[in-house]
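**Student:** Under the UniProt record's numbering, the residues of the sequence shown are numbered 1 to 514, in order.
None of these hints come from the bench; they were simulated from the model.
If a hint is listed, it holds; no wrong ones were tucked in.
Simulated pairs of lysine-lysine, DSS-like, Cα-Cα distance not exceeding 27 Å:
| id | residue 1 | residue 2 |
| --- | --- | --- |
| 1 | Lys276 | Lys306 |
| 2 | Lys125 | Lys173 |
| 3 | Lys306 | Lys338 |
| 4 | Lys90 | Lys114 |
| 5 | Lys358 | Lys90 |
| 6 | Lys90 | Lys355 |
| 7 | Lys173 | Lys142 |
| 8 | Lys114 | Lys173 |
| 9 | Lys90 | Lys108 |
| 10 | Lys90 | Lys448 |
Estimated spans, in silico, between C-beta atoms of each pair:
| id | residue 1 | residue 2 | range |
| --- | --- | --- | --- |
| 11 | Ala168 | Asn365 | 27 to 33 Å |
| 12 | Thr126 | Gly292 | 45 to 51 Å |
| 13 | Ala287 | Gln364 | 29 to 35 Å |
| 14 | Ser416 | Gly292 | 49 to 55 Å |
| 15 | Asn216 | Gln284 | 27 to 33 Å |
| 16 | Leu200 | Glu68 | 24 to 30 Å |
| 17 | Ala75 | Arg356 | 53 to 59 Å |
| 18 | Ser9 | Gly242 | 37 to 43 Å |
| 19 | Asp214 | Ser397 | 29 to 35 Å |
| 20 | Ser340 | Lys125 | 50 to 56 Å |
Glycine residues also receive a C-beta, built at the ideal position from the N, C-alpha and C atoms.
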Amino acid sequence: TDPHVDRESLTSAKGSRAAGTCEWITRNASYRAWLHGDGDGDTRLLWISGGPGKGKTMLSVFLTEELERYAAGTANAELVFFFCSQQDEKHNTAVAVLRALVHQIITKRPQLVKHALPFFETPEKTQQTLSSLEALWIIFSKLVQDAELGTMFCVLDGLDECEESGRATLVSKITTLLAPATSSPSAKTTFKLAIVSRDLPGLHGCARVKLDPDNNAEVSSDIERFITVRVDELSRTQGIDGFDDEFRASVQKALLERAEGTFLWVGFAVRELLQKQTCTEIWQALAELPSGLPAIYSRMLLRIPKKHREVSGAMLRWVTMAIRPLQLPELAVAVGIKCSDPRISLDRATRDAIKRCKPFLEIQNEEVQLVHQSARDYLLQNDLDKGGPFDLFRVRSEEAHLELALVCLDCVTNSSLKYKSLDLDEWSYSQESALLAYAVSHWPWHAKNSFLPDADVPCALRQFFETKHLVRHWWAFLLKRINKKDDYGNTGLHLATRQGNETVVRLLVDRGAD
1 TDPHVDRESL TSAKGSRAAG TCEWITRNAS YRAWLHGDGD GDTRLLWISG GPGKGKTMLS
61 VFLTEELERY AAGTANAELV FFFCSQQDEK HNTAVAVLRA LVHQIITKRP QLVKHALPFF
121 ETPEKTQQTL SSLEALWIIF SKLVQDAELG TMFCVLDGLD ECEESGRATL VSKITTLLAP
181 ATSSPSAKTT FKLAIVSRDL PGLHGCARVK LDPDNNAEVS SDIERFITVR VDELSRTQGI
241 DGFDDEFRAS VQKALLERAE GTFLWVGFAV RELLQKQTCT EIWQALAELP SGLPAIYSRM
301 LLRIPKKHRE VSGAMLRWVT MAIRPLQLPE LAVAVGIKCS DPRISLDRAT RDAIKRCKPF
361 LEIQNEEVQL VHQSARDYLL QNDLDKGGPF DLFRVRSEEA HLELALVCLD CVTNSSLKYK
421 SLDLDEWSYS QESALLAYAV SHWPWHAKNS FLPDADVPCA LRQFFETKHL VRHWWAFLLK
481 RINKKDDYGN TGLHLATRQG NETVVRLLVD RGAD
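Could you put the whole structure together from the sequences, leaning on the hints where they help?
**Tutor:** As structure tokens, then:
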């Protein structure tokens, strides 16, 4: 994907950076040593770490913009960058990271394509390379050690959001490659990598900037600036009588005291205040707002009307556990949204259902996603407030996979695959279930990860496999698309390899997958 488009999408979703925020990093000693170092010693790898909601991604956006300006004024210097996202298959694997960085480096330094060409000599080798972490790493390591690279800055945001096994391998390879012992003072190449993430095993030995607690003062100052901008927006857009300088200062102080050092909490709080019409309502809302992200997430769930909680809980489970972001029609089928009134379209009903889950859920490019990684962490935590309404919202991983597997199996079993093979490139949603494309491809993964001693899955599987025509058409469908890519550039072989399913990998290769 285009990193500049990804950055613009993040800015659109999160809002523009408040003036003056993030600039402290340019004065930080560790950052300056990394920026101005000659590539010797421990100046090639910098880790900027912080907890949930500390503004890491916005800091990464700032760094990429700042480094673009710096590189433009520096001889033979360039910048590459990548934003990871747990919710998006194009951004949540080590393979995706390396593919993006290799592509960007070669685009910036076309003469280095010589290191990649041997891996792309045939369509078969191309497919193998694009899905192989090891092959991509060989290319990447050759690129960043080539004397013709010059100075290449790299910002890698949210590495903690990548799947664990590939991430651990990538971190190990990166730290080995950029370790001081491997530095060559005489080399004309300088590759400098800044990783911005939550706490990650394997990075503790490198130069580090801790957003918390080492830089609490700087982060707090940024949050104060952010609050000032948002409260000014509140005052300006609402036109509330009595919202004078004294009241504004009181609101800002209350927000700062409650934020617990997180930008995300402030964003949620101001979103709620923007719905108020008087100073009295604003102050009452402030008094009722709980401190910290977990408490405000709990408050959001409790505010969902009781009659909508069952559907809302199902939506949260699907968006949390789905292997890729779901489109609106897919989610509507998955959770059983229906319209009895012809004046309300299914699309409208689905958007309204998502709106009831805001700000947990948001729509980006017609796909439904969680607002933040911390929202997923909250829903998956074992100690989510027990009892009462929270039981409808708690996402128990194995049970959720079971639910998704059963819905997907039911979708496949009741499709036209009972009678004929299908081509997803030709059908329309009006002819088949909108969820069928997802269900056909991903029910085995959800079934595999349910791991529950429950009779439902064996029963559903028995029904599926006892319907011989259905099984035959399902296999025909898969084999017909064996080398086709989904919207994220993945083939079935890519997905099976990523999931560590050796049996399926062997089967796909035997059937001609490359």
